[in-house]
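S.K.: Using the sequences plus the hints, can you model the full thing?
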Amino acid sequence: MKKKTNTLLILALIVGLAFHGSAIFFTLESTYDALIHLFFADHYADSWFDPWEYRWYTGFTVQSYPPLVHQVIGILSYIGGLKFGMYTVALLAIVLFITGVYRYTLLMTGSRRIAGYGAVLAVFSSTFVETLHIFGQLPSITALSILLHSMTEIYLWIKTGKIRYFLTSVTMLAVTVTSHHVTPIFGMVFFIAPLIGMAVMDASRERVNSYKELTFKIFWNTTLKHFWRIAKFGGTSLFLIVFCIFPYWYNSKRNPITQVAIPHGSRDNFLEITSSGLVFFVIPWGIFLFVLPYFFYRYFSKRYIFFGLSFALLTILGTGGTTPIPLMMLGETAFNILTLDRFTLWATIMALPIFAEFAYRMVEGDLKVLVQEKFGEVYHRVIGGLIAGGMLFMVLFTMTLGYFRPSQPAKINMLPIVNFLGADSHDSWRYLPLGFGDQMAWLSAQTTAMTVDGNYHSARRLPELTTRAIERIENSKFRGVEGIGSLQQFLTVPEKYNLKYIFSNDKFYDPILYYCGWQRLQQLENGIMVWEKLNVPPIPQIIPKEDVPTIMKIMWGIIPLTTVLLAFIINIQLIWVRLLKSKKLEPPSFMKLELPYNKFSYKLLIFSHFWAFIVLICLGYGIYLFYVKNVAQLSANNVVEAYYDALDFKEFNRAHSYLDPDSNIDIAQYMLEVSVTDGILSSYAKMDSLHVEIYDETPTSAKAKVHTRWITPLENLYSSDYHELVKRKSKWYIKPSKFDNDIPPDQLFTANGTTFYNHGRRKITTQETYHEDVLKQPVLEILSAKLVKNRGQFSIIGEIQNVDNVPADVVIKATLYNDANKELANYNAKYHMKHKLMPKETTVFKINFEGIAWSSTKDTLPPTFDPDQFTPMNFEDQPTNFNLQSAGNVANTDLYKGVALQDMEYTDQGFNGVLFNAGVQEVTIPQLIISYYNKENELLWVDHSFVPEGVRIQRKQFFNYKPLELDSLEVIRSDLKNCFVNGMPNASIAEKVFPNRNYSHGASQTQPFSGVGFEFIKFEINSYIGNPK
Amino acid sequence: MHKTIYIILCFIMLGCSSKKEEPKKSAQINAIALTKKDRYTAGDAITMAFKTEAPIENFKLHIKNAYGTLLVAPEMVHGEMVFSFPTNFSRKSGLCRWKLINEGQTLLKGEIEIHPNEQKGTNMATYFGPRSITAGDIDYSMLVIAPTDVFDNPVARGTEVTVKSQFLASINEYKVATTELMAWYNVRSTHKSGRILVTAACNATPSKELTTIVFPSNSTSFKITAFQDHDYADGNQILKLRSDIIKDEFGNTVSDGTLVTFIIKNDKDAYLYTVGTTINGIVEGRTLHPSQAAHWNIQAFITGASESNSIDVTFRTAIEDYKVYFSKGNRNIDIGPLESFMKQLVPDGILVQMDVFSEHGDFIETKKTTTKKGVCNFYLSPEYLENGTYKLVIRAAGITKEFKKEMNGI
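For the record, the sequence lines run as chains A and B. Each residue of the first sequence is one higher than the one before, starting from 6 at the first, in my numbering. Each residue of the second sequence is one higher than the one before, starting from 641 at the first, in my numbering.
If you're looking for bench data, these hints aren't it; they were derived computationally from the structure. Just so we're clear, the structure is a prediction, and the values are computed from it rather than from any experiment. Note that the Cβ used here is the ideal one computed from N, Cα and C, for glycine as well. One should not assume that every hint holds.
Which stretches of chain B does chain A cover? Using the computed rule of at least three CB atoms under 8 Å from a CB of chain A, they are [unchecked claim]:
| hint | region |
| --- | --- |
| 1 | 795–804 |
| 2 | 870–880 |
| 3 | 920–926 |
Cross-link-like lysine to aspartate or glutamate pairs, in silico, EDC-like; alpha carbons within 16 Å at most [to be verified]:
| hint | chain 1 | residue 1 | chain 2 | residue 2 |
| --- | --- | --- | --- | --- |
| 4 | B | K1044 | B | D1002 |
| 5 | A | K88 | A | D51 |
| 6 | B | K908 | A | D429 |
| 7 | B | K1031 | B | D995 |
| 8 | A | K1034 | A | D899 |
| 9 | A | K827 | A | D747 |
| 10 | A | K708 | A | D693 |
| 11 | A | K997 | B | E1046 |
| 12 | B | K1044 | B | D995 |
| 13 | A | K997 | B | D777 |
| 14 | A | K604 | A | D371 |
| 15 | A | K781 | B | D974 |
| 16 | B | K1041 | B | D995 |
| 17 | B | K1045 | B | D995 |
| 18 | B | K1007 | A | D913 |
| 19 | A | K734 | A | D665 |
| 20 | A | K743 | B | D988 |
| 21 | B | K905 | A | E910 |
| 22 | B | K1008 | B | E1046 |
| 23 | A | K768 | A | D429 |
| 24 | B | K880 | A | D913 |
| 25 | A | K604 | A | D899 |
| 26 | B | K1012 | A | D747 |
| 27 | B | K1008 | A | D693 |
| 28 | A | K732 | A | D701 |
| 29 | A | K482 | A | D693 |
| 30 | B | K1008 | B | D988 |
| 31 | A | K691 | A | D650 |
| 32 | B | K1007 | A | D511 |
| 33 | B | K1013 | A | D747 |
| 34 | B | K832 | B | D777 |
| 35 | A | K708 | B | E1026 |
| 36 | B | K700 | B | E743 |
| 37 | B | K848 | A | D778 |
| 38 | B | K1008 | A | D726 |
| 39 | B | K804 | B | E849 |
| 40 | B | K968 | B | E1046 |
M.R.: As structure tokens, then:
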């Protein structure tokens, strides 16, 4: 018989390459993982043998991820750049996957026709589309595809024992191992073990006449007969898994993953968190959901029984937290480390041959006959059309998911950032991107500059990161309190990691940058704002590195590509022969096992219909729930939720549509009113939780009490609002609330002010800046400094003045010592001070000693996060002494002082005050810094409060502040002996610059107020301007 | 047995005897230095010639100066050994020691003195700092001059350097001498603020221009005045507080940007404040008129340095009275119209507060609103406030009105 080329396979390859090959150019770069692999590839392209990568996490080893795919991209990058390499590998992966599924289906069914169907279905498999186009898991796809290829060889080795097949199977397995470590390990369990079982089963079948005669005894005997082949293969694969990526295991042993597990959607309860259910269950399964009974029916036949067990297991494990079974089976640790979507991926891949068989039977086999016979020809066509249509719909839906619901920020043009980092030795410091999404990896790949962040969370090294469930600081706002807390630590003590530049692609982070003492440097052409921090030393010339033995480097550099070469050399002959049909090959034994497919079980058909009906009902119910939950004006609760959702996403048109139409606020008026409210809540807050309490509900009206929790870059804000709701024409509406009618006094007014400009480098030169371009550091004077203990927490408080004639940016660092002068801790002033001081301006400050949360292993992660949780440092000893280092640098931005305290009175609710903005800049977030004094007018404590709403020009803003009770405050030490300014003792400055200081001025500016533990209080104002004009 | 002992003894004796290390015998070689010159100027070619009987291969000249040590191989010229010094030795001023060495033995040694080459010209490195000082008698900037010859050797000790400094109309000239490497001069601060330019010259080579800024010293007391368009407490006018020109003790106007805090003490003893920064010595602070009659006592401070006189500003009441109307079962409260000092409607935005207390005087809540077109309105809906008797305290423009009303109906 002359073998013909399988036209379906060729068709699948052509369509697959055309479809996926062209789509990847629009999807791959906005996937979660692809750019990370690109970064790793860049590492190999740059230094093939040295596994240490300095650019992320202050250095990590790339031996923490199998290297093959990265190395291949790296090599290809020499031809046409990194992205060329990535796309080439992606195209290869597509081809490998389609052919892999073809061979796997061929092996399973023994029919070239069905295998052809398998190849075509592989192209349109929604799980593949998702893995490639949404997740971008290139190594995983490559490894899985090669694993599929190797299955035929493994089967034949077990079956025939020919050494040739042993070689082909182990070489391919080696390639799998070097591309992805998890795939072969779990692949052994879920794919190869059932495969071996099936091979043995086939061998047993050959010894008897029918499956009926095949008893366990026969099977057991056959197993024993094949034992050595299995053992040889098993032993070799174990050896390969260990040996081929030995440096990986070595590294895992040396740097065990001790970090806090990052929540992953695949572990959610899919019924509760429907978005996770969609992404990790509905999309990968897709149309397969309707055919599930058939899969189980077929897989639980005698030949496939082992696959059946594996398939069932995978299906259950893939359900994540929906059922408690995965947690029970995997145990707490494994459950929290593994991403369970992988199991679904494997289950769906495993189902492909059976689905191909189903499709074959449906299109041209016995199922078609049966359906036509029972339900008629039209029904068959309709069902066929529905299945094909459903499949196509899932593919299109998955493919466009990233387009309609972008998971990544818009594509950023990296060139201006790369140029910025390359210019003027900016890469002598570390940088931090904010709001870049996974594109940060692409930025890192293009520059030699280093960042404290990184995008491969298993390799996180800094304690600030590993102790919290945050994958990156870059997107910390999505990680709530933990994320923001971690970010704040980096921003407060940036010199710890020589962090000087921040590229902000998200306005959200601006306030915290400002209040931590950062300043805007410039806006790049691509709209990215560069922030810088003064007084940060550059990265030292020599930075630590964890070296590994040379043998590891050589193994890591040579083995992966060698496995590919070996596999290529050994397999090429066979491939060649198969492809060109140059030589007549003995058809492999499994080809004889093709089933006749002449009688589709009618019962199964009926059950399948029944099942499909249930699935449809579930689906329908899900859609209905979605509708009820999301149709904004269906209930009082919905309209409030929708209104807040619209406000959260700044969709004011939508928000306005929920307002009572009878209240006569037209959209223009509403937009005006909304646009003039600025402040942390309206501009920088992300709603974290919303709780609506509906009460007094009548058929046409209701009241809602809305508790919201907002995550802002500074603090968590709680807000409770009351709304009145009305129902008009079966739709619920919100009654608009009142707006402030205040009008400013002047239409046009003038304001004069001093502005400052620093040239930086006056000469255009590539040399280090000449000393005459370096400005003198402004002189500061520390007026008081104390170590106090309040509510069990140690703080340094004090007051500092800029005694120079130029504005100063102030950095204060405090170090605590015990009686034996042993250093206990050090930290910088965060936002309990004004960082920018005009000449002769004073500010009080407070330094809290913040520990790294849950840093000791015995602390367990609290189950829910207390938003205001502050992690005080644990002191091994009682701090009794301190050292204060302050440094001034010339500042020329953020010097706005236009806010006045216009009125204040004390009531039972605390201080009710009025801020008035007398200047010409709109203050987005005003901050009050409140200092407490004893009756001798000596500083006792410093507190702060952010006013949630901004102060517009020539307008007032009310604030309320409840004074603290300082009943447990204890001043441990108060002296200026160990206080230094720009490295000089404070006393010498006081003597020289301010010899005749008038100390009564401090007292004249404090408000007498008898509170618990204090006698005087003072309010200072620090203003953050969101859009400086 | 004896035999064995003999053999062992022999071995022991052989083992114990050692060959004595004898000094390598070498004939005493005589070398004569032919070059007698031991003073050079930097940049001169320096060669040393020696004569010796022995073959010259093994001779080396070991030279050592401040830069380091070198072994120089000889050249044979007319039967003499000639050693040429490389330029990094011949150009470096100071002592240069040499030794003639043959197979580890020093045959001759001596030293050469190299003088800086001041004829070819002088280079100068100058440093001046700090870049800014404070007017008065204490502060100074230091000018440091390091004159060198063309080969970067410091000029001879005691070389004269001329320092010139310019301030306003005067240019002064001083002469200082280098000691060791450099000369230095302290430019004292002046009483007047401004810019001091300095330069230096050595061996007729001028330096670049260097500068320090003399900033004014700490301010002295100053006067403030209040400016307002009218003195009514309407909550809608800007009060401007302006100082005279603030000067330091030497009569210099304080630096632009100096922060001045105006502390406002009102008649309720609350400390309000506004700040301003100076331009040409004058500072202006602004704040808003209060919305009720008030008496403000204002004083300005430049913290630690100086303070102003204290002034009093009195605001007359703009709103004499207002009316309150109750309707809808006393649940709807209309306040106004609020009229200002000329019986005009008040500008929009006057804050009106209403505290709600229970019949027995327990505080329930505060409601706030602002006027529009002179009026405002509160509605206490029954969902929030059950029917019953309540005490309502309405405050606007400093006028408090108290009502006890029974709420009923919708």
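S.K.: Determine for every hint whether it applies to the structure shown.
M.R.: Cross-check of the supplied hints:
{"no.": "1", "hint": "795–804", "in the structure": "violated (count 0)"}
{"no.": "2", "hint": "870–880", "in the structure": "holds (count 3)"}
{"no.": "3", "hint": "920–926", "in the structure": "holds (count 3)"}
{"no.": "4", "hint": "B:K1044 - B:D1002", "in the structure": "13 Å, holds"}
{"no.": "5", "hint": "A:K88 - A:D51", "in the structure": "15 Å, holds"}
{"no.": "6", "hint": "B:K908 - A:D429", "in the structure": "57 Å, violated"}
{"no.": "7", "hint": "B:K1031 - B:D995", "in the structure": "8 Å, holds"}
{"no.": "8", "hint": "A:K1034 - A:D899", "in the structure": "11 Å, holds"}
{"no.": "9", "hint": "A:K827 - A:D747", "in the structure": "57 Å, violated"}
{"no.": "10", "hint": "A:K708 - A:D693", "in the structure": "22 Å, violated"}
{"no.": "11", "hint": "A:K997 - B:E1046", "in the structure": "70 Å, violated"}
{"no.": "12", "hint": "B:K1044 - B:D995", "in the structure": "12 Å, holds"}
{"no.": "13", "hint": "A:K997 - B:D777", "in the structure": "11 Å, holds"}
{"no.": "14", "hint": "A:K604 - A:D371", "in the structure": "6 Å, holds"}
{"no.": "15", "hint": "A:K781 - B:D974", "in the structure": "63 Å, violated"}
{"no.": "16", "hint": "B:K1041 - B:D995", "in the structure": "10 Å, holds"}
{"no.": "17", "hint": "B:K1045 - B:D995", "in the structure": "13 Å, holds"}
{"no.": "18", "hint": "B:K1007 - A:D913", "in the structure": "15 Å, holds"}
{"no.": "19", "hint": "A:K734 - A:D665", "in the structure": "11 Å, holds"}
{"no.": "20", "hint": "A:K743 - B:D988", "in the structure": "14 Å, holds"}
{"no.": "21", "hint": "B:K905 - A:E910", "in the structure": "12 Å, holds"}
{"no.": "22", "hint": "B:K1008 - B:E1046", "in the structure": "21 Å, violated"}
{"no.": "23", "hint": "A:K768 - A:D429", "in the structure": "12 Å, holds"}
{"no.": "24", "hint": "B:K880 - A:D913", "in the structure": "32 Å, violated"}
{"no.": "25", "hint": "A:K604 - A:D899", "in the structure": "81 Å, violated"}
{"no.": "26", "hint": "B:K1012 - A:D747", "in the structure": "8 Å, holds"}
{"no.": "27", "hint": "B:K1008 - A:D693", "in the structure": "28 Å, violated"}
{"no.": "28", "hint": "A:K732 - A:D701", "in the structure": "13 Å, holds"}
{"no.": "29", "hint": "A:K482 - A:D693", "in the structure": "10 Å, holds"}
{"no.": "30", "hint": "B:K1008 - B:D988", "in the structure": "14 Å, holds"}
{"no.": "31", "hint": "A:K691 - A:D650", "in the structure": "10 Å, holds"}
{"no.": "32", "hint": "B:K1007 - A:D511", "in the structure": "37 Å, violated"}
{"no.": "33", "hint": "B:K1013 - A:D747", "in the structure": "11 Å, holds"}
{"no.": "34", "hint": "B:K832 - B:D777", "in the structure": "11 Å, holds"}
{"no.": "35", "hint": "A:K708 - B:E1026", "in the structure": "15 Å, holds"}
{"no.": "36", "hint": "B:K700 - B:E743", "in the structure": "8 Å, holds"}
{"no.": "37", "hint": "B:K848 - A:D778", "in the structure": "14 Å, holds"}
{"no.": "38", "hint": "B:K1008 - A:D726", "in the structure": "14 Å, holds"}
{"no.": "39", "hint": "B:K804 - B:E849", "in the structure": "10 Å, holds"}
{"no.": "40", "hint": "B:K968 - B:E1046", "in the structure": "11 Å, holds"}
Of the hints listed earlier, those the structure fails to meet are numbers 1, 6, 9, 10, 11, 15, 22, 24, 25, 27 and 32, in rising order.
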